[in-house]
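Turn these sequences into a full structure, and let the hints steer you where they fit.
Protein chains: 2
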Amino acid sequence: MTRSFYPPQRTLMGPGPSDVSPRVLEALARPTIGHLDPLFIELMDSIKTLLQYVFKTQNALTLPISAPGSAGMETCFVNLVEPGDTVVICQNGVFGGRMRENVVRAGGIAIMVEDEWGRAVSPEKLEEALRNNPETSIVAFVHAETSTGAQSDAKTLCAIAKQFDCLTIVDTVTSLGGSMLEIDNWQIDAAYSGTQKCLSCVPGISPITLSTAAIDKIKNRKTQVQSWFLDLELIMGYWIGGGKRAYHHTAPVNAMYALHESLVLVKEEGLENAWNRHYQNHLTLKAGLDAIGLDLIVPENERLAQLNAVKIPDGVNDLAVRQQLLADYSLEIGAGLGSLAGKVWRIGLMGHASRKENILLCLAALESTLKHQGATIGSGGVEAAMAHLRAR
Amino acid sequence: MTRSFYPPQRTLMGPGPSDVSPRVLEALARPTIGHLDPLFIELMDSIKTLLQYVFKTQNALTLPISAPGSAGMETCFVNLVEPGDTVVICQNGVFGGRMRENVVRAGGIAIMVEDEWGRAVSPEKLEEALRNNPETSIVAFVHAETSTGAQSDAKTLCAIAKQFDCLTIVDTVTSLGGSMLEIDNWQIDAAYSGTQKCLSCVPGISPITLSTAAIDKIKNRKTQVQSWFLDLELIMGYWIGGGKRAYHHTAPVNAMYALHESLVLVKEEGLENAWNRHYQNHLTLKAGLDAIGLDLIVPENERLAQLNAVKIPDGVNDLAVRQQLLADYSLEIGAGLGSLAGKVWRIGLMGHASRKENILLCLAALESTLKHQGATIGSGGVEAAMAHLRAR
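So the sequence lines, in the order shown, correspond to chains A and B.
Numbering-wise (my numbering), the first sequence opens with residue 1 and increments by one.
Numbering-wise (my numbering), the second sequence opens with residue 1001 and increments by one.
Hints should not be assumed to be uniformly reliable.
If you want a taste of the chain B side facing chain A, the calculated C-beta under 8 Å gives, among others [to be verified]:
1) Tyr1006
2) Gly1014
3) Leu1050
4) Gly1069
5) Ala1071
6) Tyr1329
The following residues of chain B were derived to be distant from chain A, with all beta-carbon distances above 12 Å [stated by the list, open to error]:
7) Arg1030
8) Gly1084
9) Lys1222
10) Glu1268
11) Pro1299
12) Met1386
Derived BS3-like pairs: lysine-lysine, alpha-carbon spacing no greater than 30 Å straight-line [unchecked claim]:
13) A/Lys343 - B/Lys1244
14) A/Lys244 - A/Lys56
15) B/Lys1125 - B/Lys1162
16) A/Lys162 - A/Lys125
17) A/Lys222 - B/Lys1222
18) A/Lys286 - A/Lys48
19) A/Lys125 - A/Lys56
20) A/Lys244 - B/Lys1371
21) B/Lys1343 - A/Lys371
22) A/Lys356 - A/Lys286
23) A/Lys244 - B/Lys1343
24) B/Lys1343 - B/Lys1311
25) A/Lys244 - B/Lys1311
26) A/Lys267 - A/Lys356
27) B/Lys1311 - B/Lys1056
28) A/Lys286 - A/Lys162
29) B/Lys1244 - A/Lys311
30) B/Lys1244 - B/Lys1219
31) A/Lys244 - A/Lys155
Derived from the structure by calculation, the hints contain no laboratory data.
The C-beta atom is built at its ideal place from N, Cα and C for all residues, glycine as well.
Pasting the structure below:
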């Protein structure tokens, strides 16, 4: 293909990227300026302030890493984990496993605390693990497991970690902007997220925030951070501190326009209003899914609003359904990952995708497609959702 | 700033980001699709093919890293350098020093071969270093030093490295698309570049290419690659090989639209034509600088066409000139880096910025601004450039 590429207009209701706000796409294409331009430095400061707002933190070290969420994860681990450090990782899905990879590659010792996929992390198991492993200095877990749709009680988990004098690293990729998250109040020392989930932004950037305790740990490292690109002391030289900024790497300038616009959108809506919108739209989707007879795999009080893992009915061909949704409706929903592959669909209601129109399209498309594929399911998903909407 | 950010229209003639093609900006804002969408997989294949074209390589492992050039550099080093490996690095500017950082953090032993900043790397010194250090397994150098405007003879340097059975890692950030570069013919085993220089694209992505010999070295590693995000065996699972692509990270989808469009532009122009355009425009700029009396610091046969390091006349205030160019002409030129800070300006003629209009603007703006700042310089830069253009 040596001609220009014109993508179709999709409706993105998978695990991310999710629908991007038209305002964000428009901002993305504004004229590029230099990464050391005084006006770009002002934009950087504004991005930091807005990220503090959405993270609910006063942390000075709050900034976007110039790469996707996986790089944000790696930033937290390679800076905070030194060779020989013991890290307790609570795993209840795919991304806890990736945390383990990061700890091991940083020379740390990973102690895994396993929970069933589709369930929240168990505070009791964490407490037991910390009691049995007093040398532990860091606790890590995923707040909103994108692979299962389960939400863990980050506040309680961090409080336990603090009883054992541990730093906390929390994956907030799918929670930031989509459900309650309070970095400072919950005692989270390091968190990373992504732009392509509940922020309505394009994929490619990873907001992070680190507490003063986390910075102290970095400043007192006995070994050099193994990554030059992700070394926070170097990145801080560019992102933090007065008028003089030291060149580290060339920032993805246009992606920063997009991130800034997406944060302005959250600020305009109000963070708590955004959380509530995600929750209400989840209930509306749930009403429709109930009517069709599709079940969520996560127990009610552990469910994420923004990522709904739906059990695939017996005998239904996972891939055929997803392909038909894409072909007939230009609608993308997500497949299962890891041990849930072929067993669930993941329906995202994230950011700009968390809208009434999307819910109704998804319910109508799913119901019709499942029937076309010969599945025995119920009817009236759209009507049930509409009834729920009218009653809101 | 909680309002939308509207950047000014700059003319970007620094060391990058350089002017972005309007077609690339337009492509950037096209609707986001999923990173596993069948159409996105097709786009990925097309990007790989076009990158093979601009790199002049048959390497199967030719793909864009989802992060800036510094991450492309780190990808090459953390995958190819194992703890204890000896790497000879030829340094003639800032970026050779960054290579050293990468080698050391990967546990390798860096042997530095120093050349004067502003000069090409010396083949004789490299040969001597390899004779004195027979345990060396990798040679690394910068093809086009963005910090000084010097171009090294990559073909000769790689041939020497091959005599000593070494792999070669070459920084082609500023050369790709802007001056002659032949990965296969020159025996380059690993190269990385950036999108924001001679490709007329936005910053944020790093094209890389690795030879089969480089892949063999990776496959025979005794230790795990220290970075999960930059582990090429994992990245290959997503970017290379048939219909089945394994999820690794969420690709920056819109940035890939932009990269693709920028590569289509090079293909339309013809790679050799693009090299020649950069060279001819360099000569035109040079004719104008000669008239004003501004000197380039790099000897003629070692000069980069796309990055011109101009000696700042004695007594002239570096920062004041650059600030006035920005304020009065919305024109950005680059400051000196490292030991050249305050001593040179770096005038980029890269990609979409390598145009007649930019040369004339830059000459007129520089001449007028320098006179306003009280410098004693010549006149007629624009006329000399126009005369050169008419004679072309």
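Hint check:
1. Tyr1006: 7 Å, holds
2. Gly1014: Where the cut-off is 8 Å and the nearest Cβ of chain A is about 6 Å from B/Gly1014, the hint holds.
3. Leu1050: 7 Å, holds
4. Gly1069: 7 Å, holds
5. Ala1071: 5 Å, holds
6. Tyr1329: With Cβ-Cβ at 14 Å, over 8 Å, it is violated.
7. Arg1030: Violated, because the least Cβ-Cβ distance between B/Arg1030 and chain A comes to about 5 Å, which does not exceed 12 Å.
8. Gly1084: Answer for B/Gly1084: holds, closest chain A Cβ roughly 15 Å.
9. Lys1222: Nearest chain A Cβ is 15 Å from B/Lys1222, so the label holds.
10. Glu1268: At roughly 8 Å from the nearest Cβ of chain A, B/Glu1268 sits no farther out than 12 Å, so the non-interface label is violated.
11. Pro1299: 26 Å, holds
12. Met1386: 27 Å, holds
13. A/Lys343 - B/Lys1244: This hinted pair holds, its Cα atoms lying about 19 Å apart.
14. A/Lys244 - A/Lys56: OK: A/Lys244 and A/Lys56 at ~27 Å, within 30 Å.
15. B/Lys1125 - B/Lys1162: 15 Å, holds
16. A/Lys162 - A/Lys125: With a Cα-Cα distance of about 15 Å, the restraint between A/Lys162 and A/Lys125 holds, given a limit of 30 Å.
17. A/Lys222 - B/Lys1222: Holds, at about 25 Å.
18. A/Lys286 - A/Lys48: 36 Å, violated
19. A/Lys125 - A/Lys56: 28 Å, holds
20. A/Lys244 - B/Lys1371: It holds: about 28 Å lies between the C-alpha atoms, which stays within 30 Å.
21. B/Lys1343 - A/Lys371: Between B/Lys1343 and A/Lys371 the Cα gap is close to 73 Å, so the pair fails against 30 Å, i.e. violated.
22. A/Lys356 - A/Lys286: Roughly 13 Å separates the two Cα atoms, so the pair holds.
23. A/Lys244 - B/Lys1343: 19 Å, holds
24. B/Lys1343 - B/Lys1311: 6 Å, holds
25. A/Lys244 - B/Lys1311: 24 Å, holds
26. A/Lys267 - A/Lys356: 21 Å, holds
27. B/Lys1311 - B/Lys1056: 34 Å, violated
28. A/Lys286 - A/Lys162: 36 Å, violated
29. B/Lys1244 - A/Lys311: At roughly 24 Å apart (the allowed maximum being 30 Å), A/Lys311 and B/Lys1244 satisfy the hint.
30. B/Lys1244 - B/Lys1219: The given pair, whose Cα atoms are some 21 Å apart, holds under the 30 Å limit.
31. A/Lys244 - A/Lys155: 37 Å, violated
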